[in-house]
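Listed in order, the protein sequences are those of chains V, X, E and B.
Under the working numbering, the first residue of the first sequence is numbered 1, with each subsequent residue one higher.
Under the working numbering, the first residue of the second sequence is numbered 1, with each subsequent residue one higher.
Under the working numbering, the first residue of the third sequence is numbered 1, with each subsequent residue one higher.
Under the working numbering, the first residue of the fourth sequence is numbered 1, with each subsequent residue one higher.
For the record, the hints were derived by calculation from the structure and aren't laboratory data.
It cannot be assumed that every hint is accurate.
To be verified - Below, computed lysine-lysine pairings styled on DSSO-like, alpha-carbon distance capped at 27 Å:
id	chain 1	residue 1	chain 2	residue 2
1	V	K64	X	K312
2	E	K144	X	K197
3	E	K312	B	K261
4	B	K144	V	K306
5	X	K200	E	K144
6	X	K197	E	K197
7	X	K306	V	K261
8	B	K64	V	K200
9	X	K261	V	K306
10	E	K261	B	K196
11	V	K197	B	K306
12	V	K197	B	K55
13	X	K200	E	K153
14	E	K149	X	K196
15	X	K203	V	K260
16	B	K200	V	K64
17	V	K144	B	K64
18	E	K312	B	K260
19	V	K197	B	K197
20	X	K197	V	K312
21	V	K149	B	K197
22	B	K64	V	K197
23	X	K149	E	K196
24	X	K144	E	K149
25	X	K144	E	K196
26	X	K144	V	K261
27	E	K144	X	K196
28	X	K196	E	K261
29	B	K196	V	K196
30	E	K200	X	K197
As the list claims (entries may be wrong) - Short, incomplete list of chain X residues facing chain E, as computed with Cβ under 10 Å:
id	residue
31	D66
32	K70
33	S168
Said to hold, decoys possible - Take a look, some chain B residues computed to stay more than 10 Å from chain V by CB distance:
id	residue
34	C63
35	P133
36	V157
37	R248
38	I277
39	E326
40	A331
Beta carbons are placed, not taken as given, at the ideal position from N, Cα and C, and that holds for glycine.
Here are the chains, one letter per residue:
Number of protein chains: 4
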Amino acid sequence: MIVKLEKSISEKRLDEIKELVEGEDISVIINESSDEKIMGIIGNLQDVNLKLLEKCSEVKEICKVDEPYKRASRKFHPKNTVIKMNDNLLVGDKELMMIAGPCSVESEEQMIEIAKRVKASGANFLRGGAFKPRTSPYSFQGLKYEGLKLLKKAKEVTGLKIVTELMSTDDIEIFNNDVDVIQIGARNMQNFDLLKKVGKLNKPILLKRGIAATIEEWLMSAEYIMSEGNPNVILCERGIRTYETSMRNTLDISAIPMIKKLSHLPIIVDPSHATGIRWMVNPLSKAAVASGCDGLIIEVHNNPDKALCDGKQSITPDMYDTLVNELRPIAEVINRSI
Amino acid sequence: MIVKLEKSISEKRLDEIKELVEGEDISVIINESSDEKIMGIIGNLQDVNLKLLEKCSEVKEICKVDEPYKRASRKFHPKNTVIKMNDNLLVGDKELMMIAGPCSVESEEQMIEIAKRVKASGANFLRGGAFKPRTSPYSFQGLKYEGLKLLKKAKEVTGLKIVTELMSTDDIEIFNNDVDVIQIGARNMQNFDLLKKVGKLNKPILLKRGIAATIEEWLMSAEYIMSEGNPNVILCERGIRTYETSMRNTLDISAIPMIKKLSHLPIIVDPSHATGIRWMVNPLSKAAVASGCDGLIIEVHNNPDKALCDGKQSITPDMYDTLVNELRPIAEVINRSI
Amino acid sequence: MIVKLEKSISEKRLDEIKELVEGEDISVIINESSDEKIMGIIGNLQDVNLKLLEKCSEVKEICKVDEPYKRASRKFHPKNTVIKMNDNLLVGDKELMMIAGPCSVESEEQMIEIAKRVKASGANFLRGGAFKPRTSPYSFQGLKYEGLKLLKKAKEVTGLKIVTELMSTDDIEIFNNDVDVIQIGARNMQNFDLLKKVGKLNKPILLKRGIAATIEEWLMSAEYIMSEGNPNVILCERGIRTYETSMRNTLDISAIPMIKKLSHLPIIVDPSHATGIRWMVNPLSKAAVASGCDGLIIEVHNNPDKALCDGKQSITPDMYDTLVNELRPIAEVINRSI
Amino acid sequence: MIVKLEKSISEKRLDEIKELVEGEDISVIINESSDEKIMGIIGNLQDVNLKLLEKCSEVKEICKVDEPYKRASRKFHPKNTVIKMNDNLLVGDKELMMIAGPCSVESEEQMIEIAKRVKASGANFLRGGAFKPRTSPYSFQGLKYEGLKLLKKAKEVTGLKIVTELMSTDDIEIFNNDVDVIQIGARNMQNFDLLKKVGKLNKPILLKRGIAATIEEWLMSAEYIMSEGNPNVILCERGIRTYETSMRNTLDISAIPMIKKLSHLPIIVDPSHATGIRWMVNPLSKAAVASGCDGLIIEVHNNPDKALCDGKQSITPDMYDTLVNELRPIAEVINRSI
C-alpha cells in the first residue's frame, strides 16, 4: 500500500503518521517523488487503520500496490536509485557503470595487465571470477581465496572497484571485507538463503537474472535482499534461455525499459554471457546503451584463446578500447556518459 | 559449394567456367566480394567436376558451404544486398527503411492523414493491413480489396511506397500490381506454397520471422523465395515467443548482428508487435538502430484508443515524430541516416 | 453465449427460440449434454434479446463464454465429438485411431508392404507424405500426385483409410476426392486461408499443433475450420519447441487432459515427430494412451535407415507390432481398445 | 573413460588393474553390467597408461565417454541404481516410490491425518514442506524446525519415511538426523555449494529438475552430488518452463525415457507442481507410470481450499485413493507395483 503525502509535510507530522501505521507486522518506508512524499506500507495491511489515515490533511491519496514486489517497485520509490561507491563514483546516475575483466582470475600478471588496460579505456569497475559456478564438478572452479587476493592487488594498482561472485554463505564475511560489489550469479537468483544473508549487509549487490526468470521473479529476488535491509541492488540482464541455438542465450533487451518502468533499481547488461560470442559484444553493447541501461559488464581477456574459461566470448583489451570509443557518442546522444 | 575466382577474370572466361559446372541438377550464381568473384554452386554437387575446376588458373579456392541456405548466405554473396525501389529510395543502403502506418486500414481519411504525418516525420514507406491474419475467425479481418484501394490513394497523395501483407495465393496478382513491398506474416513464414509463389515475382518481399522460428529456419524460408528466382528479400525481426509474460513477445535484438554475419539480406525490426506495448517502441527502436538494423516498421495511429486492431501498441503521429528525431543522432553515430 | 434449455423441450419450441435469436450477425448451433439442450450463440451478442429469452420457460440458464473459441468449446458441445468414417470405424469413440505408415510415400512396393504389416498389427489408418513440407527447398519434396496414387493403391489392397498432408489450396479438390482424412501440418496451423478453405469441406481434418502454438491458439485454428461449417476436426499434439536439445521437440503430454477439458474434439498424439528418436516412440505412446488420448500417428518404415526422410524417428513393422501389443492392456485398463 | 573387463575377473586382478590406473588426479569406480565388469575412470585422462591397460588380458574394450557426466552415466553403471531405505523399502526397484503429503506442514493434526490416509491408500513416503522456497519474502515461509518435528511425529505414527526440502547449508546436520530423503528444490538445482555439501552425506537426495534446466545440466547437478561421494541420487521431473500459459509448467514426460537411457539413477515425477492444477494430477500420473518412471510425488491435503500454500494443485485423500487404485493396473501391465 502506498500513501502519497504533501511534499511540504513536516518531519514531525511524517513521524506521527508513520507511528500511526507501524505495527508488529507492518513496516513503513519513506521515499519521495518530485511532487510528493511516498509512504510505502508492507505487511499485514488489514491492520492499517485507513480511517485515521484518511483523516490526516497531509494525505493526498492512498493506493493499493498490486505488484508483489514493494521495496523494488517504482511506486514505492519514484526516483532512480543511485548507489554511491565513493565521492566520484555513482551507480545509476549519469555516468555508466563500466565493469570489465576476465571471466576468471588466473594470475597476478594477468589481472594487473587487464585492469590497467580496461581502466585506460574507461572502465570504472574490475570483474574477475575467483569462485566459479561451473556446470561440471570436473571443470576449473576458480582460484578461490587466492583469486580474491589477486583482485585486491589489481585494485591497489588501478583503483578500480572489485565486482566478483559469491557462491557460498560461508564466504560472506570475507566478501564483505574484500569486495566492492558482490555478484549473485544467475544460478543462485532464487537461492533465498543466500539472498537473505547478503540482504543483511550494506554492500551493493549485483543480482544477475536467472536463466529463465521472469522479470517479476527477478524483482522478487531483489525484494528478498531489500526486505532484509539492503537497498543497494543492481540488476543485471545476461540473456535468457530460449529455443534459439545459434547463440548461447537470447539477450532480452526489452528487460531494460521494462525494469526502468517497474522499478527504480539500476540495471546493467552482460553482453558477453548473453551470447557467448565475441563479435556480438560490440553491437549488443550499443543496443543496450541506446535502450537506456545503466552500465555494462564485459569479459576482457589479454589472451582469449588461452583463457581458462569462456574464452570464446571474451574480447581483447584493444577491442574493448574500440568498443568504449564507439559507445561514447551513443551515450552522449541519450544524455549519459562513460 | 563456393568457387572463389580472381577478381580480374574476363567475362568470357567466367562464362566458360560457368558452363563447365552447370548441369541438369546444378545451378550457378555469380556474385562478388571486394577481392574476388564468387561462384556459388547449388544442387547435385557430386556431379561437379572438381578436377577440371581446380585446373583453371583463375580459381583461387573451392570451399564447401555447410549452411543449408545458399543464396541467402553471405558466403555466396559477400556484399550487402541493396534493393532499389526507385532512383532515390534504396533498401539496405545507408538510409534506413522507415515504414509507418496503422495496424489495419480503416478509412480513406485515416490513411491519408497518417500517411502525411509520418512522411513529414521521415517515413519513406506506408504500412497498413488490408487483409488481417487474426487468431480468431470472429475478429475484424480487414477491409480487404477496399483496403488496398485506400492504400493506393494514400500513396498517390504522399508518394510513400506501400507495404502490406499477403495471406492467400489467390491474391498474388493484385498484390503484384498494387503493392510495392509484399509482406509475408510470421504465421506464414513456413507456408512453403506461398513462399514459392512470391518467389516467382520480382517484387520485394518483407519476410517476417515466425514466432518461434530459429534464425536458420528463417533464412531457409528466404531461400525458398530466392530459389524460385526472387532475390529481393527483406527480413523482419518481430519478437519471438518465450516464457516471459510481461510483454507479448521478446524482441531478439541479437538476431540483427547474427543475420548480418550469416546473410547479405537487409533486416528491419518491428518493435510494435515485438512487445505490444506503446511506450516500449521508443527505447527498442533506439536499440535496434544502434545494433545495426536496416530499418523499422512501426505502428502509428491517429487515434490509438479507437483503433480496430492492436491499439495498445500503436504510437501517435506526435510520438513518431519525437522518436524519429531521437533516432537521427543515433543513426548518424553509426553512419546511417533517416 | 450459451443458453441451457430443458432436455424435454419440443423440436417446435426449440426452433421458435432459435428463430428468436438468429439474426444477420448471429448464428445459433444446437447440441446437448446429458441433462440439457445447449444453444450456442455466436456473433454480435449485443443484438440478442436477453429479456425475451429469459421469459421462455424452457430456458434454464444463460451464460457468457469467456473463451474465444465457441464451436470448439466443450461448453457449446458437452459430449465428445465422434467422427464416423464408416459403419465400423469411429474416431473419438472407444476404439483408438491408430495411424501408421512411412514419413513419405516412396514406392508402390513400400506402401503396400507397410500397409499390410501395420494393418495386421492393428492400425486402422495409413499415413504417408505425398507433399512434404521441408525446411529446405533443396530437400526431397515428396512424390506429390504420384504419391497420392500410391496411397490409393495401398488403400485398395488393405482397406486402410488414408491420412495425408495438404499444403496448397490448389490441391483441395483432389485431396477431397482421394483422401479420407486431410492433414494440416504444424507449419500451416495458422495459414488461415487454408483453414477456411478446408472448413468448406465435409472431410475430417487432422489439425497438427503449431510448433509453438498455445492451446488456445490451436483451438482457435480449429474454430477457423469449424466456423466455415466443417465440424470434423481431429487435433494432433506433436511436440512443442522448448529450450531442451536432447530431443527434437518436447511432447506436451498435458495438452491431452487440457484439450479434453476445454474441448469436445478428439485428440491424437504423434510421438515420432515429437522427439525424432525411434526408441522414444514406445514409452511415449504408452504415456499418451494412459493419459487418455484418442489415437496415435506413428511413423513406420520397412527400412528406416534408407528412408528418404525422417528415418531416425521411424520404427520398423516389427517394433510397431510389439508396441501395439504392449499398448492393448494399457488401453483396456482405461476402457479403450485397439 | 570406461574399461570393460571380463566378468570372471578375480578380485585380486581387478585391484591390481585399478591400482595401475589410479593416481593423484585420477579416480576409479567399479560397477558391472550383465556381461562385464565396468571400470569407470574420471580425472586427468592423459595420465592413464593406455598401453599397460591394453596389455591386460582381462580388458575387453576401452572407450571414451563423451558425456560430461560420468558417475551419473549409464555407461559407467549399466544396471539401475536401487536405493535401500530399509529391508522392505527399495527405491528404483519394482515397487514405485509413492510420496504423498501436503505442500507445507501446517499442524500436527493435519500431518497425522494426511499421513494415515495416504499410507492406507498405498503411499510409502510422506512429503511436507517445513522450509518453503517462496518467490515472495512476504509469503508464508514454512513452520521450519517446528515443521520438522511434526513430520517426525507423523513418521512415528505411520512409519512413513520423510521427504522434505533443505534450503540452507546451515541445516544440513539436522536434516541428516531427522529426514529420510533430503529434497533439493528446483531453484537450488545449480546451487553448487549446497550440492557439494549434501554430496558429503550418505543420505538419499531427491534432486528436482531446475525450471529451465536441460537434461544434461540436471545430470551434471547429480554428478556434483555423486562426485563428493554420495551415490544415492533420485531425480524428480517437475515440469519445465515453456511459453504455454494454460498451466503453470509443462510436464516433460520424455525426460523419463531419456533419463533411463542416459543414466542409471531412479527418476520420479511431480505432477502437482508440473501443472498447478488439481484435476491434471490423475491423467499425468497415469502417463508418468506408463512411461516407466520410478515413482510419484503428489500433493495431498485434507482441506485443499484452506491450504497455506498451493491449494489449487493439491488433491484430497479420497482423490489420492482413487488415483492409486487406477494406477495399480497400469503399473502391473508394465511389471511394476504399488
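Taking the hints in turn, this is what the structure says about them:
1. With a C-alpha separation of about 24 Å, the suggested pair K64 (chain V) and K312 (chain X) falls inside the 27 Å cut-off, and the hint holds.
2. Between K144 (chain E) and K197 (chain X), the direct Cα distance comes to roughly 17 Å. Compliance with the 27 Å bound is thereby established for this hinted pair.
3. The straight-line distance between the Cα atoms of K312 (chain E) and K261 (chain B) is roughly 16 Å, inside the 27 Å bound, and the hint therefore holds.
4. For the hint pairing K144 (chain B) with K306 (chain V), the CA-to-CA distance comes to about 48 Å; that exceeds 27 Å, so the pair is violated.
5. Restraint check: the Cα-Cα separation between K200 (chain X) and K144 (chain E) comes to about 20 Å, which is no more than 27 Å; the hinted pair holds.
6. Distance hint between K197 (chain X) and K197 (chain E) is fulfilled; the C-alpha atoms sit about 18 Å from each other, no more than 27 Å.
7. Straight-line distance between C-alpha atoms of K306 (chain X) and K261 (chain V) comes to about 25 Å, which keeps the hinted pair within the 27 Å bound.
8. With a CA separation close to 48 Å, the supplied pair K64 (chain B) and K200 (chain V) exceeds the 27 Å bound.
9. About 25 Å separates the Cα atoms of K261 (chain X) and K306 (chain V), which keeps this hinted pair within 27 Å; it holds.
10. In summary, the hint linking K261 (chain E) to K196 (chain B) is not supported, as the alpha carbons are separated by about 44 Å, beyond the 27 Å threshold.
11. Proposed proximity of K197 (chain V) and K306 (chain B) is contradicted: the alpha carbons are some 32 Å apart, above 27 Å.
12. Taken as a hint, the K197 (chain V) and K55 (chain B) pair is broken in the structure, with Cα atoms around 56 Å apart against an allowance of 27 Å.
13. About 35 Å separates the Cα atoms of K200 (chain X) and K153 (chain E), which puts this hinted pair outside 27 Å; it is violated.
14. A hinted pair counts as satisfied when its Cα atoms are at most 27 Å apart, and K149 (chain E) with K196 (chain X) qualifies at roughly 24 Å.
15. This hinted pair does not check out: K203 (chain X) and K260 (chain V) have alpha carbons roughly 42 Å apart, beyond 27 Å.
16. A distance of roughly 48 Å separates the Cα atoms of K200 (chain B) and K64 (chain V); the hinted pair therefore is violated under the 27 Å criterion.
17. With a C-alpha separation of about 31 Å, the suggested pairing of K144 (chain V) with K64 (chain B) is violated against the 27 Å cut-off.
18. A distance of roughly 19 Å separates the Cα atoms of K312 (chain E) and K260 (chain B); the hinted pair therefore holds under the 27 Å criterion.
19. About 18 Å separates the Cα atoms of K197 (chain V) and K197 (chain B), which keeps this hinted pair within 27 Å; it holds.
20. Note on K197 (chain X) and K312 (chain V): the hinted pairing is violated, with a Cα-Cα distance of about 42 Å set against a maximum of 27 Å.
21. Taking the CA atoms of K149 (chain V) and K197 (chain B), the gap is near 25 Å; set against the 27 Å cutoff, the hint holds.
22. Of the supplied pair hints, the one linking K64 (chain B) and K197 (chain V) is violated, its CA atoms being roughly 43 Å apart against a limit of 27 Å.
23. Taking the CA atoms of K149 (chain X) and K196 (chain E), the gap is near 24 Å; set against the 27 Å cutoff, the hint holds.
24. The suggested pairing of K144 (chain X) with K149 (chain E) is violated, with an alpha-carbon distance near 38 Å, which exceeds 27 Å.
25. In summary, the hint linking K144 (chain X) to K196 (chain E) is supported, as the alpha carbons are separated by about 16 Å, within the 27 Å threshold.
26. For the suggested pair K144 (chain X) and K261 (chain V), the alpha carbons sit about 38 Å apart, so the restraint of at most 27 Å is broken.
27. At roughly 16 Å between alpha-carbon atoms, K144 (chain E) and K196 (chain X) fall within 27 Å of each other, so this suggested pair holds.
28. Of the pairs offered as hints, the one joining K196 (chain X) and K261 (chain E) is violated, with about 39 Å between alpha carbons and a cut-off of 27 Å exceeded.
29. Distance hint between K196 (chain B) and K196 (chain V) is fulfilled; the C-alpha atoms sit about 21 Å from each other, no more than 27 Å.
30. Note on K200 (chain E) and K197 (chain X): the hinted pairing holds, with a Cα-Cα distance of about 24 Å set against a maximum of 27 Å.
31. For D66 (chain X), the interface hint is violated, since its Cβ never comes within 10 Å of a Cβ in chain E; the closest pair sits about 13 Å apart.
32. Because the beta carbon of K70 (chain X) sits about 8 Å from the nearest beta carbon in chain E, less than 10 Å, this interface hint is met.
33. With a least beta-carbon distance of about 4 Å to chain E, the hint placing S168 (chain X) at the interface is held under the 10 Å criterion.
34. Separation of C63 (chain B) from chain V is adequate, the least Cβ-Cβ distance of about 18 Å exceeding the 10 Å criterion.
35. With a minimum CB-CB distance of about 6 Å to chain V, P133 (chain B) fails to clear the 10 Å threshold, and the non-interface call is violated.
36. For V157 (chain B), the requirement that its beta carbon stay farther than 10 Å from each beta carbon of chain V is met, with the minimum near 31 Å.
37. No Cβ of chain V approaches the Cβ of R248 (chain B) within 10 Å, the least distance being about 12 Å, so the stated non-interface status holds.
38. No beta-carbon of chain V is positioned within 10 Å of the beta-carbon of I277 (chain B); the least distance is around 19 Å.
39. Every CB of chain V lies more than 10 Å from the CB of E326 (chain B), the least distance being 34 Å, so the non-interface label holds.
40. The Cβ of A331 (chain B) sits about 33 Å from the closest Cβ of chain V, beyond the 10 Å cut-off, so the non-interface label holds.
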